[in-house]
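Engineer: Residue numbers (our numbering), protein chains in the order written: chain U, 1 to 277; chain V, 1 to 258; chain Z, 1 to 317.
Hints are computed from structural coordinates only; laboratory data are not their basis.
All residues carry an ideal CB built from backbone N, CA and C; glycine is no exception.
Treat the hints with care, as some may be off.
As the list claims (entries may be wrong) - 30 Å max Cα-Cα, derived DSS-like pairs, lysine-lysine: (1) Z:K205 x V:K72; (2) V:K145 x Z:K11; (3) V:K199 x V:K210; (4) V:K170 x Z:K205; (5) V:K170 x V:K199; (6) V:K131 x Z:K11; (7) V:K131 x V:K170.
What the hints assert, rightly or not - Interface residues of chain Z toward chain V, partial, derived using beta-carbon atoms under 10 Å: (8) P181; (9) G183; (10) I213.
Each chain, written out:
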Amino acid sequence: MISTIAYGLTIGGIFYIISIGLSLTFGTMRIVNFAHAFIYMAGAYVLIAVMPVFKGLFIPAAIVAVISVIPIGYVIERFIIRRLYGESIDLAIIATYAVLLIGVDITKWIWGATPIPLSDPVRKSLPVLGVDLPVYRLIIIGLSVLIFLCLEIFFRKTLVGKIIVAGLEDREAVASLGINLEKYFSMVFILGSCLAALGGVLYAPITTVHPYMGFQVLLLCFAVVIVGGLGSMRGTFVAAFALGMVMSVTGRFWGPAAEAMVFMVMAVVLIFKPVEV
Amino acid sequence: MPGDMILESREVSKSFGELTAVDSVDYQLREGESAGIIGPNGAGKTTFFNILTGLFPPNSGTILFRGRNVTKMSADQRVRMGMVRTFQLVSVFDTLPVLDNLILAVVRADTKNRNVIRFILGSSHTSQMEKVCMDTLEMVGIADKSRVLTSDLSYGDKRKLEIALALALKPRVLLLDEPLAGLSDPEIADIMELMNSLKDRLTLVIIEHKISQLTGLVSRLSVMHEGRLITEGDPDDILRDPVVRRVYWGEDDSSDDT
Amino acid sequence: MKRSTIRTLEKFNLPIVAAGFLLLAPVLTVQRTTDFIIFCIFVLAYDLLYGYMGRLSFGHMLYLGVGAYAAALCAEHISANPFIAILTALLSGAAVGLLLGPIIVRTTGACFALINLAFNQVGFFLALIALAEWTGGEDGMAAFFDTVWMLNFDNRYVVFGFSLFCLLLVVFLMRRLTGSPFGILLRMIKENETRAQFLGYNTYKYKLLAFVISTTVAAFAGALTILNYTYVTPSFIDTTRNVEVIFASLIGGAGSVFGALLGGMSYMAISNYLPNYIQRWEMFLGIALLLLVFRFQTGIWGFVVARVSGTDAEKDQ
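Make the full structure from the sequences, and use the hints.
Structural biologist: Next up, the structure:
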């Protein structure tokens with residue numbers, strides 16, 4: 001029971017970290033960014049690539065992985081999304097999907113299609129209420145809450161954050177104040193990309209790293225964004241943990257149904273809470 | 001019956017966050033009347049129209065149309081009951097030819113076309129339907145452009161097309177939201193002439209920013225200011241009203257009466 | 001090419017399509033041509049939503065799969081009569097559309113794309129695991145059909161002829177649908193749904209109708225696939241395959257029946273022959289998609305039409 005809850009919170013935390021970027025691009029640009037899944041996967045693969053350089057040390061490798069996706073995120077935002085911005089949402093979605101396809105194929109080219117396992121970087125367990133829980137998972141839960149608090153402060157206290165939140169709510173109004181929202185949106189995009197990479201890095205030791213890992217997670221995180229409410233930072237946080245629990249509890253009874261259950265929950269939410277997007 | 005109450009709002013309010021856009025507005029319109037609503041920018045005129053026509057619901061208050069409470073009805077239901085509007089920023093379908101814009105309005109207005117099978121499988125360009133469309137285009141003066149792609153029309157012609165769209169729906173009440181905005185002088189003259197010819201045939205409500213245009217056209221003017229309906233009456237009296245003069249020329253000295 | 005040529009094409013669309021595929025059959029082999037035909041039906045179903053109504057679905061494989069599995073299940077449990085199987089597939093496609101449509105069509109844009117994808121994923125799970133007892137799980141299931149009215153569907157030529165007949169039927173239906181007031185309404189919904197409501201149309205109702213038509217025709221294509229291949233596996237409804245129909249819609253030219261046909265043909269030609277020469281297939285698809293999005297948005301048919309009206313305009317001057 002305890003381990004089920006802990007597992008739910010762990011994947012909830014990872015869902016949250018990945019979903020922020022999706023929710024922000026959804027809220028600001030109204031597109032679903034499939035390339036987000038590529039960046040998530042890129043984070044995990046860069047981690048594997050640089051681990052030997054740091055003699056197997058996890059933390060420096062993780063930092064390098066997160067930073068390394070900044071240029072990738074910039075290029076995607078600058079040359080794909082911004083060029084289609086305002087032209088057609090559908091074409092922008094297709095274009096990000098094309099980037100994902102290219103990214104997946106490059107990954108297969110370099111690392112092959114076989115899944116790569118990664119061992120737990122902490123390798124310690126902590127007894128909680130009589131159950132041994134891996135410390136690494138507790139760290140993930142703590143980290144996601146920390147990120148949530150940092151973002152709350154960033155979006156409510158800093159000027160940049162306030163402009164972004166205002167842009168989420170009413171783009172025209174902010175633009176009419178003479179503020180160049182594009183600049184802020186690309187910052188948001190890169191921030192979201194870094195977090196996606198962090199999600200990939202953190203999740204890698206729990207699952208395996210493979211070229212299609214992004215597809216699965218993207219859909220689950222999309223469900224998080226829908227359930228949480230588009231562009232709502234707090235809603236995303238709550239929904240991530242709620243759906244993490246749904247997955248973990250369902251998985252305990254019938255493993256293969258875990259993901260399908262998340263989508264069913266999303267459908268139910270959509271029935272009762274009509275979203276106009 | 002002419003003279004009967006056809007459209008009425010009771011204590012309608014709407015706010016967006018902190019801002020109260022429409023504040024407890026009571027408004028009545030009688031059948032056959034042509035009325036104007038004026039007020040400076042941001043007075044809540046368009047928001048009031050949006051509530052009347054069902055674009056979004058009010059926070060409180062009720063709308064009555066032809067004796068029925070339509071507050072919770074969707075926009076399309078109200079259109080089918082005969083409440084038709086145009087938009088401040090001309091809203092027509094740019095990707096379709098001019099004639100195709102009108103077809104659906106004609107189909108909607110013609111009760112013989114209610115057959116669903118015919119709607120989804122029948123031809124959209126029967127000669128009878130095209131004739132009705134051409135007549136309507138003739139009325140607004142753009143019949144020669146019926147085959148043109150709408151995006152190629154001038155702004156003034158698009159405005160005429162939008163009015164044609166509204167007329168093709170055979171409205172009981174026609175609500176025009178700033179029909180003169182953004183037009184050149186000759187285009188304004190065209191639209192004024194058109195509105196003058198319409199006012200004897202149907203019930204009209206016109207929102208206008210430019211006050212002087214309405215005086216000859218409507219029999220009653222209402223003035224909105226900061227979300228409230230501050231006064232209404234005969235157009236000439238309204239223009240002489242000191243309160244109205246202060247709202248229009250006192251606070252904002254840029255003289256909008258062009 | 002002149003504008004009158006296009007008009008002739010449109011007037012004689014059915015004989016031209018029929019002649020085109022009959023000429024293609026000896027070149028490509030009969031079974032492959034049948035494949036092309038069935039895929040074209042699927043693209044037509046998809047393009048009604050994407051090209052006409054402006055709703056991009058990333059989960060349309062589900063509706064294709066519903067048709068295929070329904071036909072196979074019917075053949076196994078109810079009747080091996082191919083026509084009853086096809087009817088079952090059509091009804092299942094419509095039922096799934098009616099069940100999911102009310103949730104799906106309320107959304108637009110990115111939401112629409114991904115909700116379809118999510119349901120597709122659920123369908124994949126159902127076929128692979130939850131209903132494995134009936135669907136055969138990963139191994140899939142085979143279907144064998146009786147000979148009815150001298151039509152023996154083990155014979156490739158029969159399947160080919162029947163598929164071609166079905167395609168002509170669908171082309172006819174789509175031409176009627178898109179040339180009707182309903183077709184104009186769908187285009188209006190694509191451009192500005194709110195404005196269409198202010199013409200007195202309950203757009204939700206018509207969006208649902210278009211969605212159900214699309215899922216039903218997609219299921220039709222699914223049922224024909226099982227006539228052609230006699231088996232179906234879950235990989236048939238793999239969500240990653242959705243890009244195929246999106247690609248086809250784009251390259252042919254979205255929002256036109258001819259565009260959809262050309263797109264279906266082009267994609268099938270590319271995917272059947274190019275992988276022999278191109279090692280990195282996904283990368284090729286990705287780059288081609290980017291090129292389509294950035295350089296060739298109108299697709300082949302849009303390009304042809306623009307060229308024709310361009311030359312006509314020059315002549316007018």
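Engineer: Taking the hints in turn, state whether each one holds.
Structural biologist: We went through each hint and held it up to the structure:
Distance hint between K205 (chain Z) and K72 (chain V) is fulfilled; the C-alpha atoms sit about 18 Å from each other, no more than 30 Å. Distance hint between K145 (chain V) and K11 (chain Z) is fulfilled; the C-alpha atoms sit about 25 Å from each other, no more than 30 Å. Pair hint K199 (chain V) plus K210 (chain V) holds up; C-alpha atoms about 19 Å apart against a cutoff of 30 Å. A distance of roughly 23 Å separates the Cα atoms of K170 (chain V) and K205 (chain Z); the hinted pair therefore holds under the 30 Å criterion.
Simply put, K170 (chain V) and K199 (chain V) have alpha-carbon atoms about 14 Å apart, close enough for the 30 Å limit, and the pair holds. Pair hint K131 (chain V) plus K11 (chain Z) holds up; C-alpha atoms about 23 Å apart against a cutoff of 30 Å. The hinted pair formed by K131 (chain V) and K170 (chain V) meets the criterion: a straight-line CA distance of about 15 Å does not exceed 30 Å. Taking 10 Å as the C-beta cut-off, the interface hint given for P181 (chain Z) holds, the closest approach to chain V being about 5 Å.
With its C-beta approaching chain V no nearer than about 7 Å, G183 (chain Z) sits inside the 10 Å limit, and its interface hint holds. Checking I213 (chain Z) against chain V by beta carbon gives a least distance of about 9 Å; that is within 10 Å, so the hint holds.
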